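Work the whole structure out from these sequences, hints included.
Protein chains: 2
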Amino acid sequence: MTEKNVYGGGITPSCPVPLTEYPHVLLAHGGGGTMSRMLIENIFVPAFGNDSPAALHDGAVLDLENNNIALTTDSFVVRPIFFPGGDIGTLAVNGTVNDLAMCGARPRFLSAGFVLEEGLLMESLWRVALSMGAAADAAGVRIITGDTKVVERGKGDQIYINTAGVGVIECAQSITPSRIRPGDVVIINGDIGRHGMAVLAKREGLHFESAITSDCAPLGDVVLDMVHAGIDIHCLRDLTRGGLAAAANEIAAAAGAHIILDERSIPVSNPVRAACEMLGLDPLHVANEGRFIAFIPKKDSDRVLEILHAHPVGINAAVMGTVTDNQGGLVTLRTLVGTQVILETQSGEQLPRIC
Amino acid sequence: MTEKNVYGGGITPSCPVPLTEYPHVLLAHGGGGTMSRMLIENIFVPAFGNDSPAALHDGAVLDLENNNIALTTDSFVVRPIFFPGGDIGTLAVNGTVNDLAMCGARPRFLSAGFVLEEGLLMESLWRVALSMGAAADAAGVRIITGDTKVVERGKGDQIYINTAGVGVIECAQSITPSRIRPGDVVIINGDIGRHGMAVLAKREGLHFESAITSDCAPLGDVVLDMVHAGIDIHCLRDLTRGGLAAAANEIAAAAGAHIILDERSIPVSNPVRAACEMLGLDPLHVANEGRFIAFIPKKDSDRVLEILHAHPVGINAAVMGTVTDNQGGLVTLRTLVGTQVILETQSGEQLPRIC
Chain A
1 MTEKNVYGGG ITPSCPVPLT EYPHVLLAHG GGGTMSRMLI ENIFVPAFGN DSPAALHDGA
61 VLDLENNNIA LTTDSFVVRP IFFPGGDIGT LAVNGTVNDL AMCGARPRFL SAGFVLEEGL
121 LMESLWRVAL SMGAAADAAG VRIITGDTKV VERGKGDQIY INTAGVGVIE CAQSITPSRI
181 RPGDVVIING DIGRHGMAVL AKREGLHFES AITSDCAPLG DVVLDMVHAG IDIHCLRDLT
241 RGGLAAAANE IAAAAGAHII LDERSIPVSN PVRAACEMLG LDPLHVANEG RFIAFIPKKD
301 SDRVLEILHA HPVGINAAVM GTVTDNQGGL VTLRTLVGTQ VILETQSGEQ LPRIC
Chain B
1 MTEKNVYGGG ITPSCPVPLT EYPHVLLAHG GGGTMSRMLI ENIFVPAFGN DSPAALHDGA
61 VLDLENNNIA LTTDSFVVRP IFFPGGDIGT LAVNGTVNDL AMCGARPRFL SAGFVLEEGL
121 LMESLWRVAL SMGAAADAAG VRIITGDTKV VERGKGDQIY INTAGVGVIE CAQSITPSRI
181 RPGDVVIING DIGRHGMAVL AKREGLHFES AITSDCAPLG DVVLDMVHAG IDIHCLRDLT
241 RGGLAAAANE IAAAAGAHII LDERSIPVSN PVRAACEMLG LDPLHVANEG RFIAFIPKKD
301 SDRVLEILHA HPVGINAAVM GTVTDNQGGL VTLRTLVGTQ VILETQSGEQ LPRIC
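So the sequence lines, in the order shown, correspond to chains A and B.
Numbering-wise (the working numbering), the first sequence opens with residue 1 and increments by one.
Numbering-wise (the working numbering), the second sequence opens with residue 1 and increments by one.
If you are wondering where the hints come from, they were derived from the structure by calculation, not from laboratory data.
The model shown is predicted, which means the values in this text are computed figures rather than measured ones.
Misleading hints may appear alongside valid ones.
One copy or two, either will do: identical chains are not told apart, so a pair holds if it fits within one copy or between any two.
With a straight-line Cα cutoff of 20 Å, these simulated DMTMM-like cross-link-like pairs (lysine to aspartate or glutamate) come out [to be verified]:
1. Lys155 x Glu118
2. Lys155 x Glu117
3. Lys155 x Glu21
4. Lys202 x Asp137
5. Lys202 x Glu152
6. Lys298 x Asp225
7. Lys155 x Glu204
8. Lys298 x Asp325
9. Lys155 x Glu170
10. Lys202 x Asp63
11. Lys299 x Asp262
12. Lys202 x Glu263
13. Lys298 x Glu41
14. Lys298 x Glu204
Here you go:
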């Protein structure tokens with residue numbers, strides 16, 4: 001069971017809500033009254049390790065290092081809520097932390113908004129909240145304000161979480177598609193497709209020869225190491241919904257650049273490759289939750305690889321693409337068999353509700 | 001029809017998404033691909049009046065006046081999504097704006113996270129997005145980053161919105177229950193119970209003699225006028241879920257104070273009073289979305305009333321309570337008939353899904 005990772009080695013503190021009395025979430029837990037307060041004080045405050053519980057009732061006041069900050073938000077509706085390598089809680093923290101990291105910001109504070117379905121197991125809520133606390137610790141952020149609503153059975157799906165994040169910009173240059181230049185290299189920090197395939201396998205009850213665990217991980221530290229090493233990062237993008245293909249296309253369109261990716265250099269693990277082949281999926285379109293691409297000047301590529309390889313989330317980092325000119329808004333792929341094809345974004349979603 | 005108010009006098013720009021092709025939201029609109037981008041570019045960017053659409057794809061970078069900021073979040077699951085006096089969009093903006101105002105902060109930036117149910121009318125999404133744009137304009141905030149997920153039919157209820165807000169603290173003293181002192185007066189900015197009763201009436205198809213419209217409104221300006229007039233505001237709280245009773249009890253508990261409220265001085269409109277009597281509800285427990293209580297030194301009460309009366313949201317402001325000592329954590333109510341009773345928070349919710 002990889003699920004136990006998120007509780008710090010399998011030791012799960014037992015749920016502080018008396019489960020014989022409240023085994024399930026009730027509509028009244030969302031009413032703003034004493035039942036709501038019980039949820040905040042017995043679930044969220046201890047799980048998030050928050051020392052100012054009052055802040056979770058209402059807004060929180062922050063004193064930041066400087067006034068140049070990044071704000072981002074993400075809603076999480078993954079099904080199932082527990083999967084190999086994480087759960088909706090780890091995802092809700094890392095997803096927003098990573099969006100901040102992609103702005104060159106040090107992730108600092110998160111808000112957490114819950115929409116709970118009436119009847120959710122209280123124990124599940126507790127496990128998810130614990131995961132959020134552990135993921136926040138690992139990413140160096142604090143969950144400082146929150147909100148909970150409960151909707152009737154059949155009007156939700158166990159638990160949806162929104163997190164918004166505030167980070168402090170530590171990168172002097174702006175990190176944005178418009179700074180991409182011909183000659184830039186495209187670096188990826190690791191193998192792709194694990195998150196999407198892990199969730200799909202769990203949801204559909206598929207058993208592959210080798211178990212696939214989500215790549216869900218925080219990217220703030222490795223990005224800030226690049227920033228503080230003086231790397232002139234032109235652009236960063238994490239590879240979530242729509243995978244590498246969607247991210248590369250978004251950037252190519254925004255930059256008006258032509259990006260060429262080399263399929264042979266894109267790391268894909270054997271289990272993911274086999275599972276994708278079996279299901280007729282393309283790993284280039286599968287969601288990740290701990291993967292990003294960096295556009296940097298060619299001269300910095302060795303230094304960036306060195307930095308990435310020193311981090312657990314960057315062990316398999318590789319140069320896998322180049323920018324050829326400043327016109328086009330196009331992504332082409334040099335395939336495994338040597339042909340060159342246009343790599344398009346899918347209009348919909350290969351795998352819905354993957355995050 | 002009061003609903004038209006939120007579109008600036010009834011002129012609704014037509015939905016930029018081709019409705020013959022996409023009359024409903026599809027799962028693919030949440031996939032992170034070109035269909036998702038269509039939603040951002042054709043619905044959210046024009047409706048929010050955002051001049052940097054790229055920011056809605058990802059995180060946004062802010063340059064604030066100082067580094068003392070407030071962060072807050074709220075999820076909105078109101079049913080029905082359109083009601084007299086507003087809709088889920090106006091609520092999602094004003095709810096978070098008001099939480100910032102209660103921290104003594106000038107509301108500046110919002111994020112918006114959507115969980116859409118497959119099959120939602122595209123036209124409804126457009127109307128809600130327009131309402132958010134109009135409410136943001138009215139409150140002086142900008143919606144600068146967002147996220148959209150789509151869940152299958154029966155896994156949501158048309159539309160849930162989370163907003164997180166960033167504000168800049170403009171109040172030198174902290175605004176918090178611990179600053180409440182014996183002798184403080186409690187001031188309310190207007191009549192209570194309208195939002196809850198307006199939503200309930202619409203949801204249940206009830207027709208009262210006089211139509212009740214929601215009090216949903218932004219409170220930032222009036223609070224900042226108090227701040228900049230030099231009022232020593234001890235504590236503020238908006239009266240949302242659980243109404244005045246819940247807010248007063250939360251503060252009494254946090255401050256360890258004894259708050260006495262005078263029912264005769266609490267403004268309640270005749271239609272709300274009549275509707276509550278008919279339904280066996282108590283307006284003290286009904287949700288509001290444009291009402292707050294302020295705890296201030298008695299010497300400042302005339303000045304505060306003057307400031308409040310100058311604002312549309314404060315026309316009916318009144319002193320309606322006092323703090324008697326610093327022990328107790330208790331709220332008592334001097335009733336209309338002159339008796340004194342303990343006013344408790346309800347454990348659940350009189351009216352679920354009111355915000």
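Going through the hints against the structure:
1. Taking identical chains as interchangeable, the C-alpha atoms of lysine 155 and glutamate 118 lie at most 20 Å apart whether they share a chain (9 Å) or sit on different chains (12 Å).
2. For the homomeric pair lysine 155 and glutamate 117, the shortest alpha-carbon distances inside one copy (7 Å) and between copies (9 Å) are both at most 20 Å.
3. Proximity of lysine 155 and glutamate 21 under a CA criterion of 20 Å is satisfied in neither setting, with 24 Å inside one chain copy and 27 Å between copies.
4. With identical chains, the CA atoms of lysine 202 and aspartate 137 are never at most 20 Å apart, being 26 Å at best within one copy and 45 Å at best between copies.
5. For a Cα distance limit of 20 Å, the shortest separation of lysine 202 from glutamate 152 across copies, 18 Å, qualifies, whereas the shortest one inside one copy, 26 Å, does not.
6. Taking the closest pair of Cα atoms, lysine 298 and aspartate 225 come within 20 Å of each other only inside a single copy of the chain (18 Å); across copies the shortest separation is 54 Å, beyond that limit.
7. In the homo-oligomer, the alpha carbons of lysine 155 and glutamate 204 lie at most 20 Å apart only across protomers (18 Å), although the nearest pairing inside one protomer, at 22 Å, exceeds that limit.
8. Proximity of lysine 298 and aspartate 325 under a CA criterion of 20 Å is satisfied intra-copy only: 14 Å inside one chain copy versus 69 Å between copies.
9. Proximity of lysine 155 to glutamate 170 under the C-alpha cut-off of 20 Å is found in neither arrangement, the shortest distances being 41 Å within a copy and 40 Å between copies.
10. With identical chains, the CA atoms of lysine 202 and aspartate 63 are never at most 20 Å apart, being 42 Å at best within one copy and 43 Å at best between copies.
11. With identical chains, the CA atoms of lysine 299 and aspartate 262 are at most 20 Å apart within one copy only, with a shortest distance of 19 Å there and 73 Å across copies.
12. Neither within a single protomer nor between protomers do lysine 202 and glutamate 263 lie at most 20 Å apart by alpha-carbon distance, with minima of 27 Å and 56 Å respectively.
13. In this assembly of identical chains, lysine 298 and glutamate 41 lie within 20 Å of each other by CA distance neither inside one copy nor across copies; the values are 52 Å within and 33 Å between.
14. Taking the shortest alpha-carbon separations for lysine 298 and glutamate 204, neither the intra-copy value of 42 Å nor the inter-copy value of 64 Å comes in at or below 20 Å.
Hint violations for this structure: numbers 3, 4, 9, 10, 12, 13 and 14, all remaining hints satisfied.
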